[in-house]
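Undergrad: Sequence:
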Amino acid sequence: MRPNGTTRKIRTAAARAGRSAFVTCFAVAAITACSHNSTAAKSTPTTTASGADALIISVEEVRRIANYDELTSHEHSDLRHPPQGDMNAPGPCRAAGTSDLTFASGWLEFRSAGYSGVTDDLRPGGPAMIDSVSQAVAIYPDAHTARQALDQLESSLNACMALHDPNYDFTLDKPDASTLRITDDGWSHLYRAKNAVLMSVGVLGIEPAERIATNVIQTISDRVK
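In mature numbering (1 follows the signal peptide of the UniProt record, and there is no 0), the protein residues as written are -29 to -1, 1 to 196.
Think of the hints as simulated: they come from the structure by calculation, not from any bench.
Quantities reported herein were computed from a predicted structural model and do not represent experimental measurements.
Please note: incorrect hints may appear among the correct ones.
Said to hold, decoys possible - Derived Cβ-Cβ restraints for the label pairs, each shown as a range:
no.	residue 1	residue 2	range
1	Pro61	Ser29	14 to 22 Å
2	Glu31	Ser126	15 to 23 Å
3	Thr142	Gly62	18 to 26 Å
4	Ser29	Thr142	24 to 32 Å
Said to hold, decoys possible - Taking lysine-lysine and the DSS-like style, the derived pairs with C-alpha atoms no more than 27 Å apart in a straight line are:
no.	residue 1	residue 2
5	Lys196	Lys165
6	Lys196	Lys145
7	Lys145	Lys165
Note that CB positions come from ideal geometry on N, CA and C, so glycine has one too.
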(Lines of atoms letter the chains of each structure in order from A and count residues from 1; the text may use other names and numbers.)
(Lines give C-alpha, C1' and ligand atoms only; values in the text may rest on other atoms or scores of the structure.)
Protein backbone atom coordinates (compact mmCIF):
# COMPACT_ATOMS: atom_id res chain seq x y z
CA MET A 1 0.00 0.00 0.00
CA ARG A 2 1.04 3.63 -0.30
CA PRO A 3 3.40 5.03 2.38
CA ASN A 4 1.54 6.05 5.51
CA GLY A 5 2.32 8.39 8.40
CA THR A 6 4.71 5.88 9.90
CA THR A 7 6.71 5.81 6.69
CA ARG A 8 6.88 9.60 6.63
CA LYS A 9 8.22 9.55 10.19
CA ILE A 10 10.90 7.08 9.13
CA ARG A 11 11.93 9.41 6.32
CA THR A 12 12.04 12.38 8.70
CA ALA A 13 14.16 10.51 11.20
CA ALA A 14 16.52 9.37 8.49
CA ALA A 15 16.78 12.88 7.13
CA ARG A 16 17.67 14.32 10.52
CA ALA A 17 20.34 11.91 11.58
CA GLY A 18 21.16 9.58 8.73
CA ARG A 19 19.43 7.14 11.11
CA SER A 20 20.91 3.80 10.32
CA ALA A 21 23.68 3.08 7.89
CA PHE A 22 22.01 -0.26 7.34
CA VAL A 23 18.62 1.23 6.43
CA THR A 24 20.29 3.74 4.11
CA CYS A 25 22.40 1.06 2.48
CA PHE A 26 19.39 -1.26 2.27
CA ALA A 27 17.45 1.35 0.34
CA VAL A 28 20.30 2.09 -2.03
CA ALA A 29 21.18 -1.59 -2.37
CA ALA A 30 17.81 -2.32 -3.88
CA ILE A 31 18.83 -0.09 -6.77
CA THR A 32 22.62 0.30 -6.86
CA ALA A 33 23.88 -2.50 -4.57
CA CYS A 34 25.61 0.02 -2.27
CA SER A 35 28.93 -0.44 -4.01
CA HIS A 36 30.70 0.98 -7.02
CA ASN A 37 32.14 -2.46 -7.63
CA SER A 38 28.94 -4.38 -7.03
CA THR A 39 28.26 -5.21 -10.66
CA ALA A 40 31.45 -7.20 -11.09
CA ALA A 41 30.64 -10.37 -12.98
CA LYS A 42 31.38 -13.89 -11.86
CA SER A 43 31.66 -16.84 -14.17
CA THR A 44 28.59 -18.98 -13.52
CA PRO A 45 26.76 -21.71 -15.38
CA THR A 46 24.30 -20.58 -18.03
CA THR A 47 21.04 -19.69 -16.31
CA THR A 48 18.07 -21.73 -17.49
CA ALA A 49 14.35 -21.35 -17.00
CA SER A 50 14.59 -23.71 -14.06
CA GLY A 51 17.45 -21.78 -12.44
CA ALA A 52 17.78 -18.55 -10.52
CA ASP A 53 15.85 -16.49 -13.08
CA ALA A 54 12.75 -18.62 -12.58
CA LEU A 55 12.75 -17.90 -8.84
CA ILE A 56 12.66 -14.10 -9.11
CA ILE A 57 9.20 -12.59 -8.64
CA SER A 58 8.17 -10.13 -11.35
CA VAL A 59 7.51 -6.48 -10.60
CA GLU A 60 3.86 -6.98 -11.60
CA GLU A 61 3.39 -9.72 -9.02
CA VAL A 62 5.23 -7.78 -6.32
CA ARG A 63 3.00 -4.76 -7.02
CA ARG A 64 -0.01 -6.99 -6.41
CA ILE A 65 1.43 -8.49 -3.22
CA ALA A 66 2.43 -5.07 -1.87
CA ASN A 67 -0.70 -3.33 -3.19
CA TYR A 68 1.65 -0.62 -4.47
CA ASP A 69 1.35 0.10 -8.20
CA GLU A 70 4.15 2.69 -8.22
CA LEU A 71 6.87 0.05 -7.84
CA THR A 72 9.19 -0.04 -10.84
CA SER A 73 12.14 -2.28 -11.67
CA HIS A 74 15.69 -0.96 -11.91
CA GLU A 75 18.34 -2.60 -14.05
CA HIS A 76 21.14 -1.63 -11.65
CA SER A 77 19.70 -4.04 -9.10
CA ASP A 78 19.62 -6.93 -11.59
CA LEU A 79 22.83 -8.64 -10.51
CA ARG A 80 24.44 -12.01 -11.14
CA HIS A 81 26.89 -11.68 -8.26
CA PRO A 82 26.22 -10.56 -4.67
CA PRO A 83 27.27 -6.93 -4.09
CA GLN A 84 29.95 -5.99 -1.58
CA GLY A 85 27.43 -4.13 0.55
CA ASP A 86 28.49 -1.39 2.95
CA MET A 87 32.28 -1.65 3.16
CA ASN A 88 32.25 0.81 6.09
CA ALA A 89 30.08 -1.50 8.19
CA PRO A 90 31.58 -3.38 11.14
CA GLY A 91 32.77 -6.78 9.85
CA PRO A 92 29.82 -9.07 10.65
CA CYS A 93 27.25 -6.33 10.00
CA ARG A 94 28.07 -6.38 6.30
CA ALA A 95 26.05 -9.59 6.14
CA ALA A 96 22.84 -7.69 6.91
CA GLY A 97 20.75 -6.91 3.87
CA THR A 98 22.25 -8.42 0.72
CA SER A 99 25.99 -8.75 0.19
CA ASP A 100 28.67 -11.28 -0.67
CA LEU A 101 28.92 -12.02 3.06
CA THR A 102 25.18 -12.73 3.20
CA PHE A 103 25.43 -15.61 0.74
CA ALA A 104 28.91 -16.87 1.70
CA SER A 105 30.82 -18.82 -0.94
CA GLY A 106 30.15 -21.94 -2.96
CA TRP A 107 27.00 -20.84 -4.78
CA LEU A 108 26.53 -21.81 -8.44
CA GLU A 109 23.95 -19.24 -9.55
CA PHE A 110 22.90 -15.87 -8.15
CA ARG A 111 20.23 -13.40 -9.19
CA SER A 112 18.87 -10.28 -7.53
CA ALA A 113 16.18 -7.74 -8.41
CA GLY A 114 14.92 -4.55 -6.81
CA TYR A 115 11.73 -2.57 -7.23
CA SER A 116 11.17 0.91 -5.82
CA GLY A 117 8.61 3.64 -5.61
CA VAL A 118 9.12 7.15 -4.26
CA THR A 119 12.57 8.73 -4.30
CA ASP A 120 13.46 11.07 -1.44
CA ASP A 121 16.60 13.21 -1.33
CA LEU A 122 17.75 12.58 2.23
CA ARG A 123 21.20 14.07 1.70
CA PRO A 124 22.54 16.65 -0.73
CA GLY A 125 23.62 14.70 -3.77
CA GLY A 126 22.48 11.46 -2.20
CA PRO A 127 19.03 10.30 -3.33
CA ALA A 128 17.76 7.25 -1.47
CA MET A 129 15.07 4.87 -2.59
CA ILE A 130 12.78 4.67 0.42
CA ASP A 131 9.83 2.59 -0.75
CA SER A 132 11.44 -0.59 -2.04
CA VAL A 133 11.25 -4.35 -2.31
CA SER A 134 14.44 -6.31 -2.95
CA GLN A 135 14.90 -10.01 -3.59
CA ALA A 136 17.88 -12.25 -4.20
CA VAL A 137 18.40 -15.98 -4.64
CA ALA A 138 21.52 -18.13 -4.63
CA ILE A 139 21.60 -21.74 -5.80
CA TYR A 140 24.18 -24.05 -4.21
CA PRO A 141 25.41 -27.53 -5.17
CA ASP A 142 23.16 -29.15 -2.56
CA ALA A 143 20.83 -28.49 0.37
CA HIS A 144 23.61 -28.97 2.92
CA THR A 145 25.68 -26.15 1.44
CA ALA A 146 22.66 -23.83 1.31
CA ARG A 147 21.89 -24.58 4.95
CA GLN A 148 25.50 -23.93 5.92
CA ALA A 149 25.24 -20.51 4.27
CA LEU A 150 22.09 -19.73 6.29
CA ASP A 151 23.76 -20.87 9.52
CA GLN A 152 26.81 -18.74 8.77
CA LEU A 153 24.52 -15.77 8.10
CA GLU A 154 22.79 -16.28 11.44
CA SER A 155 26.16 -16.31 13.21
CA SER A 156 27.21 -13.09 11.45
CA LEU A 157 23.95 -11.32 12.32
CA ASN A 158 24.22 -12.37 15.97
CA ALA A 159 27.81 -11.13 16.04
CA CYS A 160 26.66 -7.84 14.54
CA MET A 161 24.00 -7.36 17.21
CA ALA A 162 26.55 -8.17 19.92
CA LEU A 163 28.51 -5.08 18.85
CA HIS A 164 25.57 -2.86 19.88
CA ASP A 165 26.32 -0.50 17.02
CA PRO A 166 23.47 2.07 16.94
CA ASN A 167 23.57 2.02 13.14
CA TYR A 168 22.70 -1.68 13.17
CA ASP A 169 20.06 -1.75 15.86
CA PHE A 170 17.75 -4.44 14.51
CA THR A 171 15.86 -7.41 15.92
CA LEU A 172 16.72 -10.95 14.80
CA ASP A 173 14.45 -13.95 15.21
CA LYS A 174 13.55 -17.24 13.52
CA PRO A 175 9.90 -17.68 12.45
CA ASP A 176 10.80 -21.30 11.68
CA ALA A 177 13.88 -23.51 11.54
CA SER A 178 14.73 -22.51 7.97
CA THR A 179 13.99 -18.77 8.13
CA LEU A 180 15.77 -15.76 9.63
CA ARG A 181 14.02 -12.42 10.10
CA ILE A 182 15.58 -9.05 10.88
CA THR A 183 13.23 -6.16 11.55
CA ASP A 184 13.05 -2.54 12.62
CA ASP A 185 10.45 0.21 12.27
CA GLY A 186 9.23 0.33 8.70
CA TRP A 187 11.27 -2.50 7.25
CA SER A 188 11.63 -6.25 7.31
CA HIS A 189 14.20 -8.60 5.79
CA LEU A 190 13.76 -12.37 5.56
CA TYR A 191 16.19 -15.14 4.61
CA ARG A 192 15.18 -18.73 3.96
CA ALA A 193 16.94 -21.92 2.94
CA LYS A 194 14.97 -24.50 1.00
CA ASN A 195 16.60 -27.44 -0.75
CA ALA A 196 19.69 -26.03 -2.50
CA VAL A 197 18.48 -22.41 -2.48
CA LEU A 198 19.10 -19.51 -0.10
CA MET A 199 16.66 -16.67 -0.72
CA SER A 200 16.47 -13.12 0.60
CA VAL A 201 13.60 -10.61 0.54
CA GLY A 202 13.63 -7.12 2.00
CA VAL A 203 10.87 -4.52 2.23
CA LEU A 204 11.48 -0.92 3.27
CA GLY A 205 8.95 1.87 3.70
CA ILE A 206 5.90 -0.02 2.44
CA GLU A 207 3.44 -1.23 5.05
CA PRO A 208 2.83 -3.83 6.27
CA ALA A 209 6.51 -4.54 5.53
CA GLU A 210 6.69 -7.86 7.37
CA ARG A 211 3.60 -9.32 5.71
CA ILE A 212 4.75 -8.21 2.26
CA ALA A 213 8.21 -9.70 2.80
CA THR A 214 6.66 -12.93 4.08
CA ASN A 215 4.36 -13.24 1.07
CA VAL A 216 7.13 -12.53 -1.43
CA ILE A 217 9.56 -15.02 0.11
CA GLN A 218 6.80 -17.63 0.31
CA THR A 219 6.09 -17.13 -3.39
CA ILE A 220 9.78 -17.69 -4.15
CA SER A 221 9.85 -20.70 -1.84
CA ASP A 222 6.87 -22.25 -3.62
CA ARG A 223 8.87 -22.18 -6.86
CA VAL A 224 11.78 -24.12 -5.37
CA LYS A 225 11.46 -27.80 -6.25
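Undergrad: Each hint should be assessed against the structure and marked as holding or not.
TA: Hint by hint, here is what the structure shows:
Pro61 and Ser29 have their C-beta atoms about 35 Å apart, which leaves the hinted 14 to 22 Å range violated. Restraint check, Glu31 to Ser126: a C-beta distance of roughly 37 Å breaks the suggested window 15 to 23 Å. Between Thr142 and Gly62 the Cβ separation comes to about 20 Å, which falls inside the hinted range of 18 to 26 Å. Distance hint check for Ser29 and Thr142: the Cβ-Cβ separation is about 30 Å, which falls inside the suggested range of 24 to 32 Å.
In summary, the hint linking Lys196 to Lys165 is supported, as the alpha carbons are separated by about 9 Å, within the 27 Å threshold. With a CA separation close to 23 Å, the supplied pair Lys196 and Lys145 stays within the 27 Å bound. Using a Cα cut-off of 27 Å, the hinted pair Lys145 and Lys165 holds, with the two alpha carbons roughly 15 Å apart.
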